[in-house]
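Chain by chain, the residues:
4 protein chains.
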Amino acid sequence: MSLNSFGHLFRVTTWGESHGPALGATVDGCPPGINITEDMLQTWLDKRKPGQNKYTTQRREADAVRILSGVFEGKTTGTPIQLMIENTDQRSKDYSEISQKFRPGHADITYWQKYGIRDYRGGGRSSARETAARVAAGGLARAALTQLLPGVQIKGYMVQMGPRGIDRTLFDDEAIEQNPFWCPDPEAAENWAGYLDGLRKSGDSVGAVIEVVARGVPAGLGAPIYGKLDTDITAAMMSINAVKAVEIGDGMASACLTGTENADEISMSPDGPVFSSNHAGGILGGISSGQEIVTRFAVKPTSSILNTRKTVTIDGQNTEIITKGRHDPCVGIRAVPVGEAMMACVILDHYLLHRGQIGDAGGKIGSQ
Amino acid sequence: MSLNSFGHLFRVTTWGESHGPALGATVDGCPPGINITEDMLQTWLDKRKPGQNKYTTQRREADAVRILSGVFEGKTTGTPIQLMIENTDQRSKDYSEISQKFRPGHADITYWQKYGIRDYRGGGRSSARETAARVAAGGLARAALTQLLPGVQIKGYMVQMGPRGIDRTLFDDEAIEQNPFWCPDPEAAENWAGYLDGLRKSGDSVGAVIEVVARGVPAGLGAPIYGKLDTDITAAMMSINAVKAVEIGDGMASACLTGTENADEISMSPDGPVFSSNHAGGILGGISSGQEIVTRFAVKPTSSILNTRKTVTIDGQNTEIITKGRHDPCVGIRAVPVGEAMMACVILDHYLLHRGQIGDAGGKIGSQ
Amino acid sequence: MSLNSFGHLFRVTTWGESHGPALGATVDGCPPGINITEDMLQTWLDKRKPGQNKYTTQRREADAVRILSGVFEGKTTGTPIQLMIENTDQRSKDYSEISQKFRPGHADITYWQKYGIRDYRGGGRSSARETAARVAAGGLARAALTQLLPGVQIKGYMVQMGPRGIDRTLFDDEAIEQNPFWCPDPEAAENWAGYLDGLRKSGDSVGAVIEVVARGVPAGLGAPIYGKLDTDITAAMMSINAVKAVEIGDGMASACLTGTENADEISMSPDGPVFSSNHAGGILGGISSGQEIVTRFAVKPTSSILNTRKTVTIDGQNTEIITKGRHDPCVGIRAVPVGEAMMACVILDHYLLHRGQIGDAGGKIGSQ
Amino acid sequence: MSLNSFGHLFRVTTWGESHGPALGATVDGCPPGINITEDMLQTWLDKRKPGQNKYTTQRREADAVRILSGVFEGKTTGTPIQLMIENTDQRSKDYSEISQKFRPGHADITYWQKYGIRDYRGGGRSSARETAARVAAGGLARAALTQLLPGVQIKGYMVQMGPRGIDRTLFDDEAIEQNPFWCPDPEAAENWAGYLDGLRKSGDSVGAVIEVVARGVPAGLGAPIYGKLDTDITAAMMSINAVKAVEIGDGMASACLTGTENADEISMSPDGPVFSSNHAGGILGGISSGQEIVTRFAVKPTSSILNTRKTVTIDGQNTEIITKGRHDPCVGIRAVPVGEAMMACVILDHYLLHRGQIGDAGGKIGSQ
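Chains as they are written, first to last, in the numbering used here: chain G, 1 to 368; chain L, 369 to 736; chain D, 737 to 1104; chain V, 1105 to 1472.
These are calculated hints, taken from the structure and not from any lab test.
For each residue, glycine too, the CB sits at the ideal point set by N, CA and C.
Some hints could be false.
[Said to hold, decoys possible] Ranges of calculated distance between the beta carbons of each label pair, as one might list FRET restraints: (1) T405(L) with D1096(D): 32 to 38 Å; (2) N1382(V) with S96(G): 54 to 60 Å; (3) G1320(V) with S938(D): 36 to 42 Å; (4) Q52(G) with L538(L): 46 to 52 Å; (5) G1302(V) with I1058(D): 54 to 60 Å; (6) L538(L) with P1254(V): 56 to 62 Å; (7) E1281(V) with I1058(D): 42 to 48 Å; (8) N318(G) with N646(L): 15 to 21 Å; (9) N646(L) with F171(G): 49 to 55 Å.
[Unchecked claim] Far from chain L by the CB rule (all over 10 Å, computed), these chain G residues: (10) F72; (11) L148; (12) L149; (13) Q178; (14) G194; (15) N262.
[Stated by the list, open to error] Here chain G is said to cover these stretches of chain L; the calculated rule only asks that three of the stretch's residues, wherever they fall, bring their Cβ under 8 Å from a Cβ of chain G: (16) 387-393; (17) 681-691.
Given the sequences, and given the hints that come with them, work out the whole structure.
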C-alpha cells in the first residue's frame, strides 16, 4: 500500500518535500545491464529545471541528481536505484502567514484536515518540486527503453495555453525545442509569449493542455480490465500536480462521434496491419495496437497568485491572502517533461509485465 | 500484480467472459458486520441489466447475483466475498466470421496480438458484460458506506449524448430515474430519444458523457502523490469499457481559467469551512476537501455497428465486416450505474485506508 | 491489500467457507496458451480429497472443480481463471455448542476477537477445506510449468509423524504413492499406521513434518531482499493451516554448523557448476542456484480432538469442550499435496517475474 | 512488485549496497504525528553497529542515520520518510579475486546467474549491511508503536550458538544487555565467549538461533489466510540475510505433540481470557490471541571464512578461495536487533491494517 509509488514491475516511489534537505525517487525493478550515468539523467532534469526563463519560477535549483545505489560501473545491477536531488535554494523566509492560513486552490487545507500536521514551507510534499524525482526516474526508464525497445520515441508538447490552442496544420516537431513553451506551432508560441507576460505582470496565472505521444510502441502491451495501458497512463498523468483531466486518443470528443466515424478501419501493409485513423489513441481494450499512443492532460492554473483571495485561518477565522513568492505563471510548461517521464515509466513497466506474463505467446497477423 | 483487480484495502477482482458459464467479482477486504443480501445487490444490477428498453442491447440476462462466501446470517464476516452471476442467454450462433476477422474499434485485434488466443464469443473478456461484476461489487461498497459513512450519496447521470448536452439550468435530480437515459434534464431526454432512435435504426451508435457526483464525503480522504483520490477515481472510470477521457471538477476547462478564476475561495460557516465555488471538484492535492466530488467521463460510441467497415483477417487478408448482433446504440447509458459503482468502491477504499493510516489524527479548523 | 491472495504475477486469491455453498480460487496472471482441463486439476484434488482412508476426515466431498472463466477450447486465454468447488457434504448438525464456545487451539477465539462475527459452521474460513482451492490453483501452476519449464518436478512427502521420523537410508521415491501417509520409507509407513490408529481410537491427534522438493528449477529465480525465493516459499508454507515452522535446506540445523561445514563447495561439470553438498537447500541470497530446492514444514496436531479441554464461552464463562465431528487424526497427511501446490505456484510466479524483469540478461558460467 | 519492500500499510523499501555511497530505507505509510528524531533511530542502529567488540566485523561504520523527508519539527507528517546511512569505511582494497571467483555459501554465484552483473565489492546488495536500513525503519516502527500501542514490548535475544543452547531455567531478562551475545543466560554467555573466540581464531564461523518475543500485542491483529500475522512474521525473519528456518511458538517441536498436549486451554480472568500454555506462540488462525508472540529463527554460519574452499571462476575454471576481510564469526549476534526491527514493523503494519479494515468491529468476550 505504497501510496507514493507507481508502476507494477518498474516501481517508482518518490519522497521528499520542497524545503527539506533532499528529495528523490527509489526505483525498484529496473532491469539489469542498462547503461546509465548521472549525466544521462541530468539532461532530462535540466529540461524541467526552474528558473530558466521568465515564464517559470525564479527559484534557482541546480537539480543535480545523484545515483546512490543500484548502478555499478555505469550499468544497472537489478537492485534498487536511489536517485537523490538535494535542495539548495530553500530561501529562508517568514512562513508565519502561510503556516496559519490556507491558500485557496492549494492542498494546504486538505493536508491539514487529513494529517493534522503539515510542512507548510513551500507547499512541502504537495509542491511541484516533487516532479523532479519523477523526471529522474523517467530518465532511467528512457535509458532502459533505448536498450530494450529501441524504436520507442516519447514526445510531449503544449497544445493549449489558457483558451488559446495551437493550429494543428502548423505542427512542426522541430519547433518544440525552440520556444520556452514546448509548443509545436511557432506562431502560437509567439502569441503565448505576450499573453503569458501580461498575466505574469498582473500577478495572475493560467492553465494549459499538454499532449504526450509515444511512437514505436509494439502492439500487445497492456491488460484488459483494470491494469489497462490507458488506465495506467491516465492515472500516471492525473497524479501530476494540478492535472484535472486526462484524455486518450479523441478523449472527450469521442462522445460526439458516431460508431461509424469512430471505428478506425484496418488494412494490411507489408509491415503488418495499419489503421485508417487513430481515434483510439493507439489503445483498444486496454492494449496497445501498434499505433501512436496519444494522451492529453489539462493542467489548472497555478494557485499561487498575487491577487487577494478570501480564505480562513487554522483557527477558523475569515481572512484574506496574497501568495507571494517565486511561482510559475503557467505551471503547465514544466509539466511537459513530467508527462514525458510518466509515459516512459508506464511503457517500460508494461513492456516488462508483458515479457513476464506472456513471453512470446502473442499472435501474429498474416505471414509477415 | 493482479491486473484484473482494483482497490487497495477494499479490493475487487473481476473474472469471467461474455459467453462463459458465469462471471463475477471476488471482493477481499470488505469490513465485517455489514448488512448485505442478494436482493440488496440485485437492485443495482437491475439498473444496469440489458434488454430493459429499446435503447439497450436486447440480450436477455437475468443478471441474478449469488453470494457464495463471506456472508453469514445476512452480515459480512470480513472474509472474501464471492459474487457470481451466471450467464443464461449465451445465444448459440455462428462465430466463424468473428473468429477470423477483427472488428474495427474492438479489442479483437489487440487481444490476439497480446495473447495469441482469444475467446471471440461476444467479445469474451472485453465485453461490457464484465461491468455486471463491478456493479455487484459496487452494491456491496454502497452497503458498507451506508453503515460506515451514512452521509455519503453517490449519483450518476448522463450529461451529453453525441454532441447534444443538457441544459444545466433545467437540472432536476428527480428526472434522472424517469427516463431511459438517466438524464437530469427532461427536455434533453426527450430530444435524445428521437436522436438515438434514428441512429439505432440506421445501424449506427453514438458516444456520451457521464457525470458522477459523491456528496457527503468527509474531508481528508485520499493521499498526496500517486494513490490520490482523483488518481484512483480517474483510473476507476478509465477502466470501464469504451471510456476515453476522465475529468475531475472543471476538467479540460481548467486549462482555460486564470488562477484568480480557479481559486475556490474559503470562508467559515457554523459547520466548518465552505467554498465559494467548486472548480476543484472536491479534491485538492489528491485529498477530499469536504465539497462534492465531481467526475465526468466520455464513453466512445459502441464499435459494434451495422455499417460496413474495412478490416483484415487473422491471416492478413483485407476484407470487410458488419457487426450483427444485439448491441447498445449508446453504451454510455449502461455506463451510468457502472460509474456509480466504481465511485462507491473508491470512496469506501479510501475511507478504510484513511482509518488505517491516520486514525483520528486529522486536523480540525476552528473550534466547531 | 488482498490478504487472501498470494503470488506476484501468478496471483491466487482463495475464497469460501467450509459450510458455504462453494469455495474456490481466482487466479489472475496465468500465461495464455496453457493446456488445461478440469480433469487435469481433478487429479490433484483427488490426492487431497477427504474420506479416502481411515486416517483422514470422513467428510465425503466430491471436490469436483469447475473452470468458470479464463479457459477457451482447452487453453488458458490470459484472463482470470475462476476455479470453483461446490460443497456437497455440509452435514446438517447442531452448532449451538460450537457457536458459543471457543475450541482450544482453533481460530474460533481470534476470529471472534478480530471480526466480532464468525461463521462457526465447520470452522468457516479457517477450515482446512480452504486448501482444496490452493490445490486447484497449484494444479494450474503445474500445467503451466509443464509447458514453460518442462524440467521442473515437485514432490512432497511426510518425513516425520509425531516424534517418529523416517530413515533416510531407506528413502524410496516410489514408496511415496504406496501408503496413505505419502511416506518415502516403507518401514516407517507401516510403523505410523499402527501408531496413528491408536491415536485415532483414543480420540487424539498428532503433528507431522512434510518435506517438499523441487528439482530442475533453473538458476536465477528469486530476488535478493524481501521477495526472495526462500521468503516466498516460507510464507507460502506458513500460510497453510496448522503450520508452525518452515525450514529451507538444513533449516534449524544450520545453527549448529560451522562455516566450513556449511559452505557447499562448487566445481565445474560439463553441464555447468555443481555443488558438493546442498546445505543451502538450493537457494543462495534469495535466488535459486540450480540445485534441488528443499523445504520442510511442521504441522501441529489437529486441534479437534475427543478429549475434554477447558475453555470459555462467548459470554466469558468457564466451561469445557469436546470437539466431535469428522476430523483428521493427523492433518499433516493432507498437507502434502497442499505443500506441493504452494511450491508449484511459487516457482511459476518467480519464473514469470524473472522473465519479466531480467529477460535473457542472466549470466553464464564458463563456455558451456 | 516492489521486491525490495515489505509491509502492507507501513511499507519499507530498502536500497543500497555495501560499498556504495549510502544505503537506506524509504518508508511509506507511517502515520502522522509520531515523535521521532535521528537520535531516537540512532539508539537502535548503535545496537547493530559493527566493530563494537571482537565478536563482530571490525569494519568501522558510524552508521549515522539522517532523516531526509517526511518529518517536520520532530513529528512525522504522513508523507514518505527517507532514512539514509552513508557508508564511510569502504576500505579500498583489491577486488580482483572476488570479482572472478564465487565464494561458496555466498550469493555471488546466484547474483551472477540472475543478473549477469554484480557489484562484488563487499557483497554489494547481498551484504548484511543492508540490515542497517531495516533497523532504522524498525526504530521508526517502535516510535509509532510507543504512541499507538503503548503496551507493546519487543525483545530479541540469542538462545543457541552453534550446538550450544541456553538453559531456560536461568533466563534473565536483564542479562540480555550485559553480554556481547544478547544472551539471557549469563552462564551460556560466558561459555559462548570462549567457544566463539576459538572459532574466530581458527578463521571459522558458526550459526545461531535467535528468539524474538512481542508482549502486549492486542488480540485480533492478523488475517486468516495469506496475510496472516505468522506468515508475515515468518517472511520478515526469513528475509534477513543467512536465515534458514523460522518457527512460531513451539515450531518444529509442534510435530511431536498430540492434540491434547498442544491445545492451549482457555479460562477467564478479570482481565479477559487467559491461556494455560502458549504452544501456539500467540497466534491462532493467523490472528493474535493476546498472548506473547514468539518466533525463533536459525542463522547459518557466516560464509566468509579463512579456510580454503573449492569453487569456480566466472570463466568456468575450478579453483580455490579463502575469504579474507573483516567478517563476523557469528553473524547471528547482529541479527538480534534486526529481528526486533522486523517484528516491530510487522506488528505496526498489522495494527494499521486492523484499524483500517475492522475499525472497532472486533468482538469482546464476557462483560469486562
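Going down the list of hints, with the structure as the test:
Separated by about 54 Å at the C-beta atoms, T405(L) and D1096(D) break the suggested range of 32 to 38 Å. Distance hint check: the CB atoms of N1382(V) and S96(G) are about 56 Å apart, consistent with the given range 54 to 60 Å. Our hint of 36 to 42 Å for G1320(V) and S938(D) holds, since their Cβ atoms are close to 38 Å apart. Under the hint 46 to 52 Å, the C-beta atoms of Q52(G) and L538(L), about 49 Å apart, fit the expected range.
Distance hint for G1302(V) and I1058(D): a CB-CB separation of about 55 Å, consistent with the stated range 54 to 60 Å. Our hint of 56 to 62 Å for L538(L) and P1254(V) holds, since their Cβ atoms are close to 59 Å apart. As the Cβ distance of E1281(V) to I1058(D) is approximately 47 Å, the hint placing it in 42 to 48 Å holds. Checked against the hint of 15 to 21 Å, the C-beta distance between N318(G) and N646(L) comes to roughly 19 Å, which is consistent with it.
Distance hint check: the CB atoms of N646(L) and F171(G) are about 35 Å apart, inconsistent with the given range 49 to 55 Å. Interface exclusion of F72(G) from chain L stands, the closest Cβ pair being 27 Å apart, more than 10 Å. The Cβ of L148(G) sits about 18 Å from the closest Cβ of chain L, beyond the 10 Å cut-off, so the non-interface label holds. Distance check for L149(G) against chain L: the nearest CB is about 15 Å away, which clears 10 Å, and the non-interface claim stands.
Chain L leaves Q178(G) outside its interface by the beta-carbon criterion, the shortest separation being 23 Å against a cut-off of 10 Å. No Cβ of chain L comes within 10 Å of the Cβ of G194(G); the nearest lies about 16 Å off, and the non-interface call holds. Against the 10 Å criterion, N262(G) falls within the reach of chain L, whose nearest CB is about 5 Å from its own CB. Counting residues of the stretch 387-393 of chain L whose beta carbon lies closer than 8 Å to any beta carbon of chain G gives 0, which falls below the threshold of three, so the coverage claim is violated.
With a cut-off of 8 Å between beta carbons, the stretch 681-691 of chain L has 5 residues touching chain G; three or more are needed, and the interface restraint holds.
The structure fails hints 1, 9, 15, 16 (numbered hints given earlier, in ascending order).
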